[in-house]
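Undergrad: Residue numbers (the numbering used here), protein chains in the order written: chain A, 1 to 492; chain B, 1 to 493; chain C, 1 to 100.
Check each hint, because a few of them may be wrong.
Unchecked claim - Reference excerpt, derived from the structure (chain B facing chain A, CB under 8 Å, subset only):
#1 Phe238
#2 Lys241
#3 Asp242
Note that these hints are calculated values from the structure, not bench results. Ideal placement from N, C-alpha and C gives every residue a C-beta, glycine not left out.
Spelled out, the chains give:
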Amino acid sequence: MTETSYRIQGATGEWEVVIGLEVHAQVTSNAKLFSGAATAFGAEPNTQVSLVDAAMPGMLPVPNRECIRQAVRTGMAIEAQINKWSRFDRKNYFYADLPQGYQISQLYHPIVGEGALEIDADEKAGIPAPKTIGIERIHVEQDAGKLMHDQHPTMSYVDLNRSGVALMEIVSRPDMRSPAEAGAYLAKLRQILRYVGSCDGNMDQGSMRADVNVSVRKPGEEFGTRTETKNVNSVRFVMAVVESEARRQVDLIEDGGRVVQETRLYDPDKNVTRSMRSKEDAHDYRYFPDPDLLPLELDDAFLEECRASLPELPDAKRARYVNGLGVSAYNAAVLTADVETARWFEALLGEGVDGKQAANWVMSELFGALNRLGKDIAESPVSPEQAAGLLKLVADGTISGTIAKQVFEIMLETGGEAAAIVEEKGLKQTSDTGAIEAVIAEVLAKNPGQLEQYRGGKEALFGFFVGQTMKATQGKANPGVVNELLKKALAG
Amino acid sequence: MTELTNLTIAQIRDGFRAGDFSARDVAEGFNANVAAAKLLNAFIVETPDHALAAADAADKDRAAGTLKPLSGVPIGMKDLFATKGVQTTAASHILEGFVPEYESSVSQKLWDAGAGMLGKLNMDQFAMGSSNETSYFGNVISPWRRGGGDNAPLTPGGSSGGSAAAIAAHLCPGATGTDTGGSIRQPASFAGIAGIKPTYGRCSRWGIVAFASSLDQAGPMARDVQDCAILLENMAGFDPKDSTSLNMPVPQWEAGLSADLKGKRIGIPKEYRVDGMPAEIDALWEQGIAWLKDAGAEIVSVSLPHTKYALPAYYIVAPAEASSNLARYDGVRYGLRDLPDGAGLQDMYAATRAAGFGAEVKRRIMIGTYVLSAGFYDAYYTQAQKVRTLIARDFDAAWESCDLLLTPTAPSAAFALGEKSDDPLAMYLNDVFTVPTSLAGLPAMSVPGGLDAGGLPLGLQIIGKAFDEQGVLNAGLAIEQRAGFAARAEKWW
Amino acid sequence: MSVDHATVRKIASLARIAASDAEVEAMVPELNNILGFVEQLGEVDTSSVEPMTAVIPNTQRLRDDVVNADPLTGGGVQSKVLANAPAREHGFFGVPKVIE
């Protein structure tokens, strides 16, 4: 069984859900797609608006190279066809958040064509095997402004700060068949965008949002009529939308109703979708090529730069960690899940530490500490360089693992360097056989009963003696040396 | 000093430089003419102070020896150009009271070159019209009248009708115009002046209220060819703010003027001999051919087989683009807002646009909306853009055998106001000779050739290859020198 | 193709132009007249012709990703943006309340 077995139980039998996502991702750029106004989040109303964005009479668009570049790089990351010839079209409709009366978008000739991404197997979530989700296209378009409805009794307020910010619309094929697959797709897409650096993926700030197309059918039958739930802004909500919308459609059909192709909104508080009746009036967008803009033609040098500047992508990185560094599959997955973690870990590897040791340390020590401190990896008080200093002291036997934990705690608190802390606190591991022999002698003298038992054949007590010896040396004794000398001493 | 207002731009510039008169004298003279010509209704806003300030600056610059190309020259500005701090309406109610916080690139260039502004010139609303009867601010009356005591008010042509009338009446020595389907050339022809639409992309569209983006192009209108060259040099130039702007140096067109056409081949397109064209226009065309021969050119017959499809293609493409370009006039950010009691947002849009747009503008928005709507897009818009390709190819083919084309500018002389305003289609036919070049983006100009039997001016059109404004201007100059057009509307206003 | 009263009504609605029944009625023959004229384009065989994309052969320039590089097309001009607004409050444009 390599396909999901997700089914909705209806009165008339089992139903299958069919899902496609249109993801709007804000392109990371300093300035807007067609004007020089800034894109930063959270500014005072209408302060990041140019005369172009406010659609003053006679204003004209000129595209931002960086936005085009990021869309192309994103296309390359999903191994999509890059269209060297594309154009911008106008999508005409009237709304207060759309100053021009049209959105500049790409309908007929998008910049990126057919591509795909692979979601990972996740048995627990009901994804028995990796699955390829087709991506139909990526096009570049303008974001709209924002309306605020609750500031005035009779007026809505219009803020155009977002108006004209570049978006990529990433349109999937209707290839997903369960809420988990939809969630995994969105998470994977977000991961790739963050790796590429074409979108920050901040879903809570609206940098990434999904229109969720859902239809239901009896398995094996033709596609049903779909609804589109707009602006869903988290992986969890996308999954919830699929679940509740599929359920609603099944119930509707089984009650003798018919699904209407319409736009819906998700209400996270009630976990239901509802029809957006206000926007239903006959959508006829009258797309046509924007006559203010010329065809966009990309030359080989531009494409070459886009390709050359692509980072190693998460799947490749994960495979390299497992196959090249001997990191466990689980650790590799966690370390590559987010670009910030991967970036930190790469920096650590760049210091020349052992991959497997580093992975284990990050997974247990670093993540544990950050968790306790409530910090992101990007805010880690200990830098990758400092961490490497610590790991090297362990690797070359200067300190033991136990001492390393203590040193790390001090580093977290003081921001100090591992070597300096070890030096200052006298934590260096000792391999001085004379000193260790003296301690062992003391330990044996203090524990005559255990010694007798051991010598009587209870060899499991070896660990007890190691522990006592380490304790007596405050962990500073080289465990290898301790083992060797203990064996000799115990043998009598 | 009223005689100063009879001077051309070149004469004003040179006389001012030579110290024959001050820039202030010139500005005051034209200000006085403008103030005395209310009957023509050529201006929507008069800006005498702007003209005087520029003149005073020019006088100072002359004293300091820092003269600019247009120092001392006041001009009129079509109300389609956004002018900072001066109401800009495109002759519409929907933009009444709109005062831009910015200056159009073309007008900025002119001010930077030292020119002053006498006022904002009346025009057809949003440049949609060929008779200046669609302005919210009333018709412009041509200074010309038919002979024989016929005092019927005539159209100055359109859409740059205010520009044409003001120049013909010596209210300004030159003005800006814009040409989407003939809006510089047809009024120039009707008013007995010269006007050139340069190659699409020569003049920046930034800050010009858009009508049809792929066709709109600014250009100068003036009394003669040399003045057109002078103004165009100071209007054209690459503008990074306009994606369709041509990144090419601006030639020195004035210095390049030459009426010697030896080695030039002039094509005569046979398809421009349309049914019902008045005999005197045909005669003028023949006369034009003779003049160009006399200037040394070789005359060849050429064919532009898709000419008859130019107007239909234009009346799909231009309204389609306009329907979208004019969507921004919605009562939210500037201009008129009509908010009936209890109206919601969409009701406000519909009420504002119903009240703010004139009948012709609405008609074109409706046509444009229809031809782009679902199910009709390919049949109308795509087909029109394909025909446009064929029209451009016709010209390319013609250039195999000639360097320039000579045609009449318009199929008639100026008609009376009201004569065609009830029949939109009859009005559209005015542009039959000018629209093909607009669709192909080519440079073309109208120069006065003579008068019809009623004593009204008739123009000849010269069309050139892309970027060959010089060739167009030179052929225009050759005609101008031979036509010796000196007729002037007798002052009645 | 010709338009009837209902179609003209629909176009007026799409174009957001309020019109009385009498106005719509008057527009029906006007628009049909114009549409009849432009439909002669249907005669032209364009089967092997590409629609025009650029009037004068030219390709799209791209600008650098610099904020406010040209003050004329940059932000930070709230007062200019709002200067002509029919209704403005607290830095916002005001429109009749929209119920979503």
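Undergrad: Next, verify each hint and record whether it holds.
TA: Checked hints:
no., hint, verdict
1, Phe238, "violated (12 Å)"
2, Lys241, "holds (6 Å)"
3, Asp242, "holds (5 Å)"
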